[in-house]
Amino acid sequence: MGYYIFKRLLAMIPTMLGVAVLIFILLRVIPGDVVEARYLTQGSAYVSQDLMNIERKKLGLDQPLWKQFTGWMTGLAHLDFGLSMWTGSPITEEIKLRFVLSLQLALMASTIATTLAIPLGILAAFKQDTWVDYAVRVFSIAGLATPSFWLGSLMILAMLIVFHWVPPMVFTPLWVNPWDNLAQLIWPALAVGYRYCAVGTRMMRSTMLEVLREDYIRTARAKGLKMKLILTRHALKNAILPVLTVISTEFAFLLGGLVVTEQVFNLNGLGMLFVEGISHRDYTMIQALVLLVATTFLAVNFVVDIAYGWIDPRIRYR
Amino acid sequence: MALLARLLALAVAALLAFPTLAQAPRYGGELVFPVPSEPPSYDGHREETFGLIHPLAPFYNTLLRVDPNDRSGTKPYPSLAESWTVSPDGKTYTFKIRTGVKFHDGSEMTSKDIKASYDKIIFPPPGVGSTRKGQYAVVESVEAPDATTVVFKLKHPSGSFIASLLSPYNWIYKADIIAKDPHWYETHIMGTGPFIFVEHVKGSHLVGKKNPNYWDKGKPYLDGFRAIFIRDSAAQVAAIRGERAQIQFRGFTPKDRDNLKAALGDKITVQESPWDCILLVAINHKKKPFDDPRVRRALTLALDRYEGSKALSQIAIVKEVAGVQVPGTPYATPPEELAKIPGYWHDIEKSRAEAKRLLKEAGVPDGFSFTFMNRGIPMPYEPLGVWMIDQWRKIGLNVTQRVIEPAAYFGALRRGEHEVAMDFQCGYIVEPDLDMYKFLSSSRNPANYGYYEDPVLDKLYDQQSQATSPDERKKIIKEFESRVLGEQAHYLMTLQWHRIIPHSSRLHGWTITPSHYLNNTLDTVWLSQ
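One line per chain: the protein sequences are C and V, in this order. Letter by letter, the first sequence follows residues 1 to 318 of our numbering. Letter by letter, the second sequence follows residues 319 to 847 of our numbering.
Hints were generated in silico from the structure; no laboratory data involved. What you are looking at is a predicted structure, and each value in this text was computed from that prediction instead of being measured. Honestly, I wouldn't trust all of these hints.
Below, in silico cross-link-like pairs of lysine to any residue (SDA-like), each with a Cα-Cα straight-line distance of 25 Å or less [said to hold, decoys possible]:
(1) Lys537/V <-> Arg549/V
(2) Lys58/C <-> Ile496/V
(3) Lys520/V <-> Glu93/C
(4) Lys96/C <-> Glu517/V
(5) Lys451/V <-> Asp423/V
Rough simulated footprint, nothing fancy, chain C against chain V, three-plus residues with beta-carbon under 8 Å [claimed, not checked]:
(6) 436 to 447
(7) 518 to 525
(8) 547 to 558
(9) 756 to 764
No residue lacks a Cβ here, since even glycine has one placed at the ideal position from N, Cα and C.
Bound-form chain V, shown alone (with noise of 0.2 Å):
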């Protein structure tokens, strides 16, 4: 009896430590979400928006894809591929790819769609774009030796491979189509996912219905979804509190959720994350005085990031102080070492202090002035240009603010007119070497908008990149981190960005990560009655 009571303890207990388990799945209902911008083309090889990821990512699969339910989003789990092994030389990424799995055309799926697939992100055509054919660099060849294998050979070792092929933008295409046209999936959709297409209304909305032939049997849970193309934010809160829309994958501000939670109260579930996406300032090395390392590391010493994070987060989607990897993942710096670098001692008065002795030894004169130039968008460039300045007058520096229009802004940042000015840095998975390629000597990233040369960095990221054992990994990691950010402060970061995703408690079956490109595939996603 003691015995049964205890087990019934336990199941009680269980139940409520994971309330998911208590309730089974529910199949049925149409998902709809508010997405704040609409996808320029279908081809996920092609474009670099959130935009196309949300109403298109359940059309397809990826190789594999990071677990659903891991928060910190950086673990591989299988998809279209069911296992994989890695060579003792570290060179040689074997992959065992699922069977009965069909093309929305019915044509079945094998190694040589992963194989066409992957072709053409890594290797295009001449004339075809493929936007991250740079983060494949280390691969020598993809092969597909029979129908359900795969095999990637690279060119050295890479601690990151694993995690490069996670990327929800690599949506396996039917090899016969892209032979025929590589241009093809640009205006068509046809995939292997959950879902299958049904109509797309240009600037208004996209329809998928269940897919009834998925290889995951048993799901997807939902009949379909709908994805509304909503710009104005005020008009996705609207949607969200008139319970016309169940979530808004992107995010909203600390002042939508809290508005959401006052109207709907227990109708709205709460997911909160660090969000890996950052505002950094680009000092640009090429203009007087920045180009002396003394006055960049004022810059960064005059930031009170701690007391900044407590004011900022409550109007802006920034919150956490941050490395150069998104707090609380793998291959973060923990708080107490980050602490260590200057601009992120907690003594604020002794990093004033500091900053104004080291601006007066690189000769720069009380009342200097320089122009911040920042994006003409409003969340977060706003608040966090605006207390950059403030922060920047505490030490004597006189800041005026250049805003630019956002179409015309990176345009701006790539003629390299500006002293001082907000960069910007999103990825689609937290991965040292996506988040630190940033920090590369300009000629070997065009992107540095600080425009300097550091080999010592350059050696570092390389040896991190190949560095296959964890520690080892990290540890150079924290070298990198001190030496972009302390030593050198070649770039600034101001606070990680905060992803708050309020939602409907009738969603379940979704769990957030810090990135916004991540789970979107929506197989796993159910609606309670």
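Here chain C stands alone, though its shape is the one from the complex (with noise of 0.2 Å):
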């Protein structure tokens, strides 16, 4: 175990190299740079070259490329992401700032997804081609087919309308005021949540579906062994490995990927801070931002593999 451990960090290695090496290049290669995303588009007609130059020598962008790359990857390797070409502001500075309420975010939303998609999908699954299963499979096909920010605009409309209230619009640490904090989070948990438990409760049906049809299982309920049982000793534990990939990597997407949920409900989470990056050409903050939600997906790809051998003991690592 310890040896598998060893190789699966290792081969992390090459792959973050190849993810910076391909972002550097990608980001390089699409027109525009930061100097003309700070000048160019705010309608001034006075702005110039010698403006552009300063900023751009200021900045590092006159050097050659493979000055710039050998830059970037020594300063990782202090782990120095540098200076946000946009702010100026230390790069860790700006993802600390946002990563407590894109990471709240993702656990309240994954929280509520798994503790309704599993016993949803089970019940589904036991109940199949009832109207307990009808119902479960609306709930989870219109939650597959209603994109999370629709379902949050609707949400702040209806909250507008009905109530004549919206959400806080400044994110407050839970530590700090638990009640702002939920008044402001509760919403997107609960719009991106919906979708995300969708996605559990259909593959959680189908895979129990499957187990349910094993002999093993046949076996137990010739036993005269409690439902209860057969469902929890022996079917889940087979019928949740691949639910668990699937919200590990629904959680990893969540991290960084809430681009218009975030926008919707003014959160001032990673996913507003990766367009806002896109669109101002701030080269830094993408780089760190694309290794870091690389990092989040193979970690969390990690600690699943790990999972599996300790939710399913037939499993061996080498």
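Make the complex out of the two chains shown on their own, each in a separate frame, by following the hints.
Following this line, the structure appears as structure tokens:
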């Protein structure tokens, strides 16, 4: 097991390097840079080439690409992500600010989703082709078909029309004021959690149906074992593995991918930072965020792979 | 008795005519307003966005400002300079600087700070970028002969110099700080303004509190303000509608205004004004057949601006039919005069017949195709682009729209790959020098995306800039306008933007202007119960 973990950790290094090279090149290929985004988009006719050259020099954009890349990689080796080209602030500081919100939202949405998805999926499978199954299927298909941001917009509109109230516009950390924190985050968590739950429910239902048709379940039933025990002790353990993969991948996605939902609820999260970074051509910021998201995906996959062995003892690592 | 009754009636009439007089300003309260974008750095001399002005202007003062009650946003008004005089030859401007003004760190502001700030803007040290350096090319030197006097010496007389000092970006910084580190103000906030900086949580909000030692005694009225960065326009509207914010200083769409008014009724007050922003059409003179003025004139003649205004103003932030100056401002050509320029005629059938004749004369075949490059921003680029393509089809042109992502758009314009493209101009103050600079020959202005040389136009520009009599200046501007938009049709104007600010009726002391960069010091703003 120790050797397997070591091997997996080692394999992450070339993956990260590949991501770093790819994002560095891709960013330089797309047209425009941070100086153009800063000065040419505001409608002033007075912006001189001199000013743009001064700013490019200040940001190191006048350097050859190999020099920019090695400078960035040297910084990374010292865990220094550098400064944002747009704001001039340290990138770690900018990300830290947004990470707390994004992490909390991802955790809340995941909690809502898993708490609903697993029991609903089991119930639908167990009561296959009854009204319960149909109701769960309608609920989950509707969730898959409804974009989170649209649901979020409807929620805000409903709150405005019915209660003349909108959620707070500024993030308050949970430990500062739990009420304000939840008043802001519960709505996006519900909007995102619903879609996430729909994916989990569908997956849980189909894997559970498959497992419930296995010989060992039939044997257990024939032995007269209680259905509750069959489901929780025998079926669930085998059915949950694919669900776990889906849930964990969704969780990693939620950390940086909630762009439109964050916009609708005005959340100062990583998704918005990503989009702003791209529209400002803030190379250093996008590079850092891409690496962060890649690391999250790698870490989550790694943890899930390890968890497989713990949940299903038949799985052995070499 | 009759006299008393008459006086009483007069007083009532005055109160009705000027409702703000009916209420004395109330002290206290926090103004909350969404800002659709965020300041990249804190340095007004370096940046170029309202995202900097809206949250940060309350921390600073400028040498002069625009009169906060002037809807045209063009009248000079004292700020750190109490008064000024101009020498008879029009080349020396002497400003008397206010005494008793303190920076937020407690130090005294003097003429030395004003000189240092303007030196940084006009003559920046090596390695320091100044966005507005080019606007002060006329300035030879800035001097501070004593603590309360600042003298600007010009190379030649200028009709626009005072207006250029009204720039809301020209914040007065502390000389000692600039001397030590000219980049200090990029990451720090410290001015003489009515509010003191409290905190900025990046991506979220920025807070200011009342400056108790503000030099303008009795102001500000507010205890503080909170600028909340909200990019999504629906979320901004929701913030106003949910009464979590009182105003958004940039502007909303006609639909947003109607929705807010319908939902909140008297709780919402709407102020509207022509907006000193406009989408222009850059016709690349280096691409055939657009090097022919007849073809360019046909493009402008095809547009029914008056009908377009009626329809588009219902759905987009555009309205007024305009020339090179914002309608209703001192140097704007009156509508009846503007209607004489080709493309502004009221008879659209006559215009289109003339357009077809010109195309035929220029040898452009019927059904001629070209690509119109547009910027990937929905409002108002999209509706205006669709409208123009439809108008051009009516004279037999076949136009394909190519939409480019916003951040890459102006880079594409600078490379000159386009045939015909949407261009954009937005000014911080309505001033012919600023608004007409765009149209100068490309050898003088790299932001001329028509890529033409027109020495006649350049000469007219210089003449109006140096004219000291307003009437003479107006005459030259009309000549300039007629050449750039009609005779040569170097550029096409679409419709002037229209600024709509629906704000809480609790908010007082703020007057809309054509520029969303002005009137953001918040010293005159107050909130009623």
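Query raised in the report: Which numbered hints does this structure break?
Result: 1, 5
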